[in-house]
Amino acid sequence: MIKIDSYSPKQVAQILQISKNTVYSLINRGEIIAKKIGKVYRIPARSLSFFITGLDEDLYNAQREDLKNIAPIKSELTSVRERDLQ
Numbered sequence: 000m001i002k003i004d005s006y007s008p009k010q011v012a013q014i015l016q017i018s019k020n021t022v023y024s025l026i027n028r029g030e031i032i033a034k035k036i037g038k039v040y041r042i043p044a045r046s047l048s049f050f051i052t053g054l055d056e057d058l059y060n061a062q063r064e065d066l067k068n069i070a071p072i073k074s075e076l077t078s079v080r081e082r083d084l085q
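Sequential numbering of the sequence shown, starting at 0, is according to numbering that gives the first Met the number 0.
Accuracy of the hints is not assured; some may be wrong.
[Claimed, not checked] Below, a list of computed lysine-lysine pairs in the BS3-like style, where the Cα atoms sit at most 27 angstroms apart:
#1 34 to 2
#2 19 to 9
#3 67 to 19
#4 2 to 19
In short, the hints are calculated from the structure, not lab data.
From a predicted model like this one, the values you see are computed outputs, not experimental measurements.
Using the sequences and the accompanying hints, generate a full structural model.
So, in structure tokens, the structure goes:
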């Protein structure tokens, strides 16, 4: 069985410390992605990650990896430039 963490608008309001009406407003504006099942909205946990970071989780993780590689890349560029100047 597939387990997907999801929350109700009330739970999201508690997590984000905002009103339930604000959660519905964010859903209507597309800032929080939710699925309506019958008369009830369900909000995937990943949607909250996207909302809070402003990035999809995969993009967020890729950005963190890129930031780790900046120092070695700068170092290599510096050594190549120095070598070309000689």
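A quick look at each hint next to the structure:
no., hint, in the structure
1, 34 to 2, "holds (16 angstroms)"
2, 19 to 9, "holds (6 angstroms)"
3, 67 to 19, "violated (38 angstroms)"
4, 2 to 19, "holds (25 angstroms)"
Hint compliance for this structure: hint 3 is the single one not met.
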